[in-house]
Amino acid sequence: MATASVARILAGFDGVEIHGANTYLIQQFYSPNSNQRDDEWGGSRDNRARFPLAVLDITHKMARQYADDAFIIGYRFSPEEMEVPGIRFDDTMYLLEKLAARGVDYLHFSVGATLRPSIVDTSRCDAADREILRDAL
Numbered sequence: 001m002a003t004a005s006v007a008r009i010l011a012g013f014d015g016v017e018i019h020g021a022n023t024y025l026i027q028q029f030y031s032p033n034s035n036q037r038d039d040e041w042g043g044s045r046d047n048r049a050r051f052p053l054a055v056l057d058i059t060h061k062m063a064r065q066y067a068d069d070a071f072i073i074g075y076r077f078s079p080e081e082m083e084v085p086g087i088r089f090d091d092t093m094y095l096l097e098k099l100a101a102r103g104v105d106y107l108h109f110s111v112g113a114t115l116r117p118s119i120v121d122t123s124r125c126d127a128a129d130r131e132i133l134r135d136a137l
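Residue 94 in the UniProt record's numbering sits at position 94 of the sequence shown, with consecutive numbering throughout.
Bear in mind the hints are in silico, worked out from the structure with no lab data behind them. Be aware that one or more of the hints could be misleading.
Pairwise CB distance ranges, derived in the manner of DEER restraints [unchecked claim]:
#  : residue 1 : residue 2 : range
1  : A7        : D105      : 11 to 21 angstroms
2  : D14       : F109      : 35 to 45 angstroms
3  : A2        : A70       : 15 to 25 angstroms
4  : Q28       : D57       : 11 to 21 angstroms
5  : D69       : A100      : 15 to 25 angstroms
6  : S44       : E83       : 12 to 22 angstroms
7  : G42       : L107      : 18 to 28 angstroms
8  : M93       : A127      : 40 to 50 angstroms
9  : D105      : T3        : 28 to 38 angstroms
10 : D68       : R37       : 23 to 33 angstroms
Even glycine gets a Cβ: it sits at the ideal position worked out from N, Cα and C.
Let's have the full structure, built from the sequences with the hints guiding it.
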C-alpha cells in the first residue's frame with residue numbers, strides 16, 4: 001500500500017482513493033463474514049477495523065513524507081453486505097467515524113456490488129465451473 005501511494009505521489013497525482021468497498025481486500029478484513037481470523041486483525045469490530053485504519057495511516061505517512069499539503073486522500077466504502085453476518089450500517093458508521101478522526105478529504109459511497117457476496121462460494125458448482133472460476137480468480 002505504501003509503495004502504491006508513493007508511486008502516485010511521484011507520478012504527480014493530486015491524491016489517492018483507498019478502495020475499501022465492493023468486497024475487495026480492505027472490506028474483506030472489515031467484514032465479519034469474510035474475516036474469520038482469530039488474531040488481532042479479526043473477531044471484534046475494533047480488531048476488524050484495524051486493517052482499513054492501518055492502510056489510511058500508512059497512506060497519510062507517505063503523503064506527509066513525499067507530497068505537499070494539497071495532496072488529497074479519499075476512502076471508498078460499501079455501506080452494507082448481504083450476508084449474515086455481514087457489515088451493517090452501524091458498522092459502517094463506526095468505521096467512518098474512525099476514518100474521519102484520522103483524516104480523510106472525502107468519502108466515496110459505493111453500492112456497485114450490493115448483490116455480490118464477499119466470499120465466492122464454489123461448493124455448489126460442478127468441476128467445470130470451479131475450473132473457470134479458479135482461472136478467473
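Hints, one by one, checked against the model:
| no. | hint | verdict |
| --- | --- | --- |
| 1 | A7 / D105: 11 to 21 angstroms | holds (19 angstroms) |
| 2 | D14 / F109: 35 to 45 angstroms | violated (21 angstroms) |
| 3 | A2 / A70: 15 to 25 angstroms | holds (20 angstroms) |
| 4 | Q28 / D57: 11 to 21 angstroms | holds (19 angstroms) |
| 5 | D69 / A100: 15 to 25 angstroms | holds (19 angstroms) |
| 6 | S44 / E83: 12 to 22 angstroms | holds (18 angstroms) |
| 7 | G42 / L107: 18 to 28 angstroms | holds (24 angstroms) |
| 8 | M93 / A127: 40 to 50 angstroms | holds (43 angstroms) |
| 9 | D105 / T3: 28 to 38 angstroms | violated (21 angstroms) |
| 10 | D68 / R37: 23 to 33 angstroms | violated (37 angstroms) |
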